[in-house]
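Q: Given next are the chains, with one letter for each unit.
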Amino acid sequence: MSEARSVNEKAERWVKAVVEVLFYAGAVLVALLAGGLVMAAAGVSPLEAYRLIWDGAAGDANSVKETLVKATPLLFAGLCYTFAYRSGLFNIGAEGQIYIGAMTGTMAALYVPGLPGFAHLPLCIAAGAAGGAVWAGIAGALKIFKGASEIINTIMLNYMGIYLVSYMVTGPMKDPSGTLPQSARLPESALLAKLFDSRLHYGFVLAVALAVILYIVLNRTVWGYEIRSVGFNKQATKVMGIPVSRNMLLVMMVSGAIAGIGGYVEIAGVQNRLFQNFSPGYGYDGIAVALVGGAHPLGNIGSAILFGGLRSGANAMQRMTGTSTSLVYVIQATIIVLVVCNRYWFGGWKRRLIASLAARFGGDSRPEELRAVQAARETALNVNKGEGSR
Amino acid sequence: MEPILEIRGLVKRFGSFVANDRLNLAIRQGEIHALLGENGAGKSTLMNMLSGMLEPDEGEILYKGKPVRFGSPREAGSAGIGMVHQHFMLIPALTVAENVLLGLKQDRSPFFRFKKACAEIRELSDRFGLDVRPEAKVSDLSVGQQQRVEIIKTLFRGAEFIILDEPTAVLTPSEVKDLFRVLRTLKEQGKTIIFISHKLQEIREICDRVTVLRLGRLIGTHSLDGITPADLARMMVGRDVAAPVRKAGIVSQTNRLKVTGLHASESGVPVLKDISFRIREGEILGIAGVDGNGQRELSEVLFGLRSKDAGIIELDGEALQRQQPRSMKEKGVAYIPEDRHKEGLMLQMSVEENLIAKEYRKRRFSKGGIISRRRMRECADEQIKSFAIKTSGASVPVGRLSGGNQQKVILARELMLNPKVIVAMQPTRGMDVGAAEYVHKRLLEASEQGCSILLISTELEEVMALSDRIAVLYKGELLGTMDRESADRDRIGQLMAGIRPNASFAI
Chain S
399 MSEARSVNEK AERWVKAVVE VLFYAGAVLV ALLAGGLVMA AAGVSPLEAY RLIWDGAAGD
459 ANSVKETLVK ATPLLFAGLC YTFAYRSGLF NIGAEGQIYI GAMTGTMAAL YVPGLPGFAH
519 LPLCIAAGAA GGAVWAGIAG ALKIFKGASE IINTIMLNYM GIYLVSYMVT GPMKDPSGTL
579 PQSARLPESA LLAKLFDSRL HYGFVLAVAL AVILYIVLNR TVWGYEIRSV GFNKQATKVM
639 GIPVSRNMLL VMMVSGAIAG IGGYVEIAGV QNRLFQNFSP GYGYDGIAVA LVGGAHPLGN
699 IGSAILFGGL RSGANAMQRM TGTSTSLVYV IQATIIVLVV CNRYWFGGWK RRLIASLAAR
759 FGGDSRPEEL RAVQAARETA LNVNKGEGSR
Chain V
4 MEPILEIRGL VKRFGSFVAN DRLNLAIRQG EIHALLGENG AGKSTLMNML SGMLEPDEGE
64 ILYKGKPVRF GSPREAGSAG IGMVHQHFML IPALTVAENV LLGLKQDRSP FFRFKKACAE
124 IRELSDRFGL DVRPEAKVSD LSVGQQQRVE IIKTLFRGAE FIILDEPTAV LTPSEVKDLF
184 RVLRTLKEQG KTIIFISHKL QEIREICDRV TVLRLGRLIG THSLDGITPA DLARMMVGRD
244 VAAPVRKAGI VSQTNRLKVT GLHASESGVP VLKDISFRIR EGEILGIAGV DGNGQRELSE
304 VLFGLRSKDA GIIELDGEAL QRQQPRSMKE KGVAYIPEDR HKEGLMLQMS VEENLIAKEY
364 RKRRFSKGGI ISRRRMRECA DEQIKSFAIK TSGASVPVGR LSGGNQQKVI LARELMLNPK
424 VIVAMQPTRG MDVGAAEYVH KRLLEASEQG CSILLISTEL EEVMALSDRI AVLYKGELLG
484 TMDRESADRD RIGQLMAGIR PNASFAI
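Residue numbers (the working numbering), protein chains in the order written: chain S, 399 to 788; chain V, 4 to 510.
Errors might be hidden in some of the hints.
Unchecked claim - Here are the simulated distance ranges between beta carbons:
no., chain 1, residue 1, chain 2, residue 2, range
1, V, Lys140, S, Glu418, 35 to 45 Å
2, S, Ala415, V, Ala122, 56 to 66 Å
3, S, Glu418, V, Asp129, 49 to 59 Å
4, V, Lys334, S, Glu418, 38 to 48 Å
5, V, Gly402, S, Arg411, 12 to 22 Å
6, V, Pro95, S, Gln674, 45 to 55 Å
7, S, Arg411, V, Asn421, 27 to 37 Å
8, V, Val14, S, Ala415, 29 to 39 Å
9, V, Pro273, S, Arg411, 52 to 62 Å
10, V, Gly193, S, Ala415, 56 to 66 Å
11, V, Arg364, S, Cys739, 38 to 48 Å
12, S, Arg618, V, Val71, 50 to 60 Å
13, V, Asn421, S, Ala607, 34 to 44 Å
Unchecked claim - Facing chain V, from chain S, some residues (calculated, C-beta under 8 Å):
no., residue
14, Val620
15, Trp621
16, Ser627
17, Phe630
18, Asn631
19, Ala634
20, Gly639
Note that these hints are calculated values from the structure, not bench results.
Ideal Cβ positions, reconstructed from N, Cα and C, are used throughout, including at glycine.
Sequences and hints are given; from them, build the entire structure.
A: Shown next as C-alpha cells:
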C-alpha cells in the first residue's frame, strides 16, 4: 500500500512539474505574440525584431554571456524579494538596498587598502551585505516596533539610498583624480574575476549559489521552517512558541543583505566604479523576477535569465534597428500579467488537467478533497466490518 | 399525503467515488424535514442536486409529481426550490432590498425601483415574522438577521421548498430561537423546509421527520416521535455512541496547577476577576459558561498569550514568573486553541509540518539546524495511524482536511508532548458526533495517565460528561466549583445566567 502510494505520488509530482513548466512556457509564448502585435503596429517586422532579440540574447556564446551578466543583478534582487515574501513581508526596497550595498562595499574596497584579494573581496562583499541589511533592517524595525508598513518604508528608503549615493559620489567619495561624479576605480583585490575571458564574472556563480542556499535554508532547516510558518500564520506561530518579531526582523535584514551583495557585485563585476544611477531599476525588476519565478529560489534563476535575455536582446535590437528597448518592457509586462493569471485564474482548470494526466501515468485521478473523503469512507467501512486495526 | 418532492434511485459519482448511492426519499408538503449525517455523508451532494448546482448521474427527482432536471440554481429557483447556504451570499455594502433584488429583473423598467422593492420585501417580512428592514445595510445586520435576509431572498423568488444548510452553526442560542420561530411560521404558511444539521437536540426540537445519511447511503427516514437521540446518533455514526465515562477514584491529591487571585483586563476593562482554582494530577476541571464570559481570556492568560494584572500561577508547586507560549510549552503545558484556523494550524503547511510545530527544534526532529525529513515523515505516519487522521498523505496541506481531522492533528501534536497540563478550549466545536466522541476519548485517556486538563467549553453536556469538578465562568468571575456528583444542570444553568444561590461553594 505504501509502495503504491509512493509510485502515485511520484507520478503526480512529475506531471505537476511538467504542467507547471508548460503553463509558464505558454505565458511567455503568448506574451511574445502580444509583443509582436505591438511591434507590427509600430511598423517593425516582428519576425525580424525577434530574430535580433534572440541573436542578442542567445545567438552565440558572447550573447549568452551578456545575458547572464544582465541576469546577475536581477537574480539578486529577485532572491531579495522572494526571501522576504516567504515570511509574509513585502520588501519593495531592493533598489535602495542595492545602492547602499554598492556604496558600503565600495567604501570597504577603497578605504581598506593593503589586503590580498582572498581577504579583501570577501570583506567588501560582507560590507555590501551589511549595508543592505541595515537599510532593510530600518524598515523591518519600524514594522515590528511601530507597526509601520514595510511596503511604504522600503519604497521611501529607496529614494534615500539612491540620493545618498548621488551625494557620496559627487562629494565625499568622488574620485579625487577625475572630474566625473564617480568614485575612484576599485583596486584589483576588490574586483570579481571574469569568467571565460568575457564580461561575465563570478558574481553570477555567486548568485546561483545563493539561490541554492536559500532553497535549502527555506525548505530543510529549522530556521526556514520558522520563516515559512511566520509567513503563513503569525498568530498560530506565536501560539506554537516560535518567536515572530525576531524572525521578521532577521528575514528583513537577510533580504536586504542579498540585495546589498547584488549591489556590490554589480560594481565589482561590471562597473568597477560607484556612480550615480548605476542601476536601471534592477530592484524593481527583481519583484517581477520573483513573481515569474513563483517566489521559489530556484525558479528565480530561470526567470532572471529570461529577463536578462530580453534586456540584452533588446539592446542588440536597438543598436541594429533603432527600435526602442521599451518594446521589451511591453513583453515583460505581458508575461507578468499572464503569470499572475496563471496563478489565480487557471487554478481549477490546471488541477483537473494534472489529475487526469496523473491518472494516465499511474497516479490517482481524484481531486485531493475527494480522496480525503473516500479514505474516510474506507476507514469507516473497515471499522464497521470489525476489521479496523484499532 | 402527496409528497411535494420525491427522489428515486438518485446516484451521484465523482470518478470512482459514489457520493450518493441510490437514494430514495419523499418529502411531504409543509413539513420540516431534517437531513442528518456526519461530514462527508453526502448531505451537501444531495442538496446541491436538488438546488441545481450538480446534476445527478442516475435516478430522478420528482417535484410536485413531475420529473425535473435543473441545470442551474436559477432553474431550481424558478421552479420554487430555494437554498440558504451556510456561508451567506450577501454583499455587505448594499441594502437588504438591493441584495434581494440582485440578479433579478424587477419589471421592464431599466431603473431600480427601490420603494417598490422595499414594499414587497416588507410585506414578506411581516407575513413570515422575519423582522427585516429592507432599507437597512447588510453590513449593519447581525448574523441572525443576515440569515433571515437569505431566507427572504428565497421567498422573494417564490420558493415553496427551502433548504437550510446547517443554519444554526453560525447562530447564538437566542438567534437559534428566533430562527425556529421563523421556521414554524413558514411551516404554518405551507412552506416545506429541509433542515440540514448534525445537532440532534435541535432536530428534535424543530423537525417533523428525519432522514439519516451515512457514507453516501440512506439509512432511513423516521418520524421524530418516539426516537431517541441515541437512536439517531447510532444511525448517523453506524455504531453505538457511548457517552464518555469518567472513571472515579483515580485522582491523586497532589496539586498540579494552582491559580490564585488572577486578574486580567483589556484596555482598562477587567475581563478576569479574582480567579482561583486548582487542578490535581489526573483531574479534569470543566469550566462552563456562555460564550464571551472570559473563557478566551482565561485560556490565553494561562498559556502566556495575554498578560495578567495580578495573581499567581503555580505548576507543581513552583510559581511561574513570566508566561510566554514558549516557556509554557517547555514546562509541559499543552494548548488546544478555540480557533483552529487562526491559532492552531498553519493551514498551507503540510500535516507532517504541523505535527512537529512544537517540537521541530528537538533532537528528535532536527540536528544542527536541519530538519530530518525522514523522522518527520515517520512521526507523521505514526500519528496519522494512531489518531485515524483522514488524509491522503502526510504531505497534504492541513487546510485541505475536514475540520474534525484538523482538530485531530492539533490533538495529536499536543499529546505528543506528553503534557502535564492541557488547556483545552472548545475542543470539539463544530465537530460531528463520531469525531467529538473520539476527541473525548483521547482526552480521558490522557487524564488517566496523570495529565491534568482544564476543559473550557460552552457546551454544558461536554463539561458535565468529562469533568471531575465543574466551575462556571460568568462575566470574568468563577462562580463556584462543585464536584461532578453534586453538580446538577439546573444549578449550573442558573450560575451560567449569573444567578447566585445564597449558599456559597467551597473552592
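Q: State for each hint whether it applies.
A: Going down the list of hints, with the structure as the test:
A hinted range of 35 to 45 Å holds for the C-beta pair Lys140 of chain V and Glu418 of chain S, which are about 44 Å apart. The given range of 56 to 66 Å is respected by Ala415 of chain S and Ala122 of chain V, whose C-beta atoms sit roughly 60 Å from each other. Checked against the hint of 49 to 59 Å, the pair Glu418 of chain S and Asp129 of chain V passes, with Cβ atoms roughly 57 Å apart. The hint said 38 to 48 Å for the Cβ distance between Lys334 of chain V and Glu418 of chain S, and at roughly 45 Å that hint holds.
With their beta carbons about 19 Å apart, Gly402 of chain V and Arg411 of chain S fall inside the hinted range of 12 to 22 Å. A C-beta distance of roughly 50 Å is found between Pro95 of chain V and Gln674 of chain S, which places it inside the suggested range of 45 to 55 Å. Checked against the hint of 27 to 37 Å, the pair Arg411 of chain S and Asn421 of chain V passes, with Cβ atoms roughly 35 Å apart. Under the hint 29 to 39 Å, the C-beta atoms of Val14 of chain V and Ala415 of chain S, about 36 Å apart, fit the expected range.
Our hint of 52 to 62 Å for Pro273 of chain V and Arg411 of chain S holds, since their Cβ atoms are close to 55 Å apart. For the pair Gly193 of chain V and Ala415 of chain S, the supplied restraint of 56 to 66 Å holds, since their beta-carbon distance comes to about 58 Å. Range check, Arg364 of chain V to Cys739 of chain S: Cβ separation about 40 Å, and the 38 to 48 Å hint holds. Separated by about 57 Å at the C-beta atoms, Arg618 of chain S and Val71 of chain V satisfy the suggested range of 50 to 60 Å.
Between Asn421 of chain V and Ala607 of chain S the Cβ separation comes to about 42 Å, which falls inside the hinted range of 34 to 44 Å. The restraint placing Val620 of chain S at the interface with chain V holds, with a minimum CB-CB distance near 5 Å, inside the 8 Å limit. Interface restraint check for Trp621 of chain S: the shortest CB-CB distance to chain V comes to about 7 Å, inside 8 Å, so the restraint holds. Interface hint at Ser627 of chain S: satisfied, since its Cβ lies 5 Å from the closest Cβ of chain V, which is below the 8 Å cut-off.
Hint status for Phe630 of chain S relative to chain V: holds, with the closest Cβ pair at about 4 Å, below 8 Å. Among the interface hints, the one on Asn631 of chain S holds; its C-beta lies about 5 Å from the nearest C-beta in chain V, closer than the 8 Å criterion. Using the Cβ-Cβ criterion of 8 Å, the hint placing Ala634 of chain S at the interface with chain V is satisfied: the shortest such distance is roughly 5 Å. Checking Gly639 of chain S against chain V: minimum C-beta separation of about 3 Å stays under 8 Å; hint holds.
Of the numbered hints stated above, none is contradicted by the structure.
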